[in-house]
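Colleague: Line order of the protein sequences matches chains C and G.
Residues in the first sequence are numbered from 1 upward in steps of one, following this note's numbering.
Residues in the second sequence are numbered from 1 upward in steps of one, following this note's numbering.
Since the hints were derived computationally from the structure, they do not count as laboratory data.
A portion of the hints provided could be inaccurate.
[Claimed, not checked] With a straight-line cut-off of 25 Å between C-alpha atoms, the simulated DSS-like cross-links for lysine-lysine are:
(1) Lys11/C to Lys133/G
(2) Lys69/G to Lys136/G
(3) Lys69/G to Lys100/G
(4) Lys69/C to Lys118/G
(5) Lys11/C to Lys69/G
(6) Lys110/C to Lys100/G
(7) Lys112/G to Lys140/G
(8) Lys110/C to Lys120/C
(9) Lys61/C to Lys37/C
(10) Lys61/C to Lys104/C
(11) Lys110/C to Lys118/G
(12) Lys140/G to Lys69/G
(13) Lys25/C to Lys37/C
(14) Lys112/G to Lys25/C
(15) Lys118/G to Lys136/G
Residue-level listing of the chains:
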Amino acid sequence: MTVATREVEKKEANLHHGVERTRAKRVYTPAVDIIEKNEEIYLLADMPGVDNESVEVTLEKDTLTIYGKVEPEIPDGLRLTESEYGVGDYQRTFTLSEEIDREKIQASVKNGVLRLTLPKAEAVKTRKIPVKAEA
Amino acid sequence: MLWTEFNNNTFVDPWREFERLNRMFSRVSSHRSCEFPAVNLWVDSDHAVVTSEIPGISPEDIEISVVGKSLTLRGTRRVEDIRDNEAYHRRERWNGQFSKTIELPFNVEAGKVNASFKKGVLYITLPRAEEEKPRKIDIKSE
């Protein structure tokens, strides 16, 4: 686990070798938090510029891919004099373990953050075993 | 480990590798790391536009103040509540209080600053102060 620092830098996605994109655009790797709770796993991804319509979550076998399309907003007639970040799409791929209930995965985007809820399959939920006190 | 990132490294194209190294050493086109939140500044003769990526915050939690030539952004990005039996598998998103000041190229009309926040992107329009705007000077013919 790495703890995020105050310094931020958008990292360009490491595309698969030999694969070319049809859109001539930069693609960034979104920063994510993955939190495991009792019943589910949460994935939060920073994708500024993305909303519910422009995000795509696909699951193919064990591979979960998140893709966010960004339409850059360029102020008309102004020139960029200082730039700390680039604008482009987002993509990141994860390999899911077997223990996720695939049918119940939920996704929503709020204020540029994608929130994925991945419910655990019934079999792996932690069960509490009551300990009986002997009289 | 529950999560593994998918990365196909089986075939390495030497040319691609060269490009990657080249990019690593030349800082011309790439963006260096900066303090949260990252900011872009756009300028013309009588406006400045500041855009900033601040995902995961509500617009009412962002404080914008302008004094003369400096613009300050303040706010807090909250952490997800974690209980004892819950754990982070990955933690890459920055959280906490931020305060960032940007120096603008000219004084701005503080009363006419406009800000909007959409999809985690802040967009601030700052008109240049009237008295500072470049004036066209008519030449009188005698």
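Colleague: Where does the structure disagree with the numbered hints, that is, which hint numbers, in rising order?
Modeller: 1, 5, 7, 12, 13, 14 and 15
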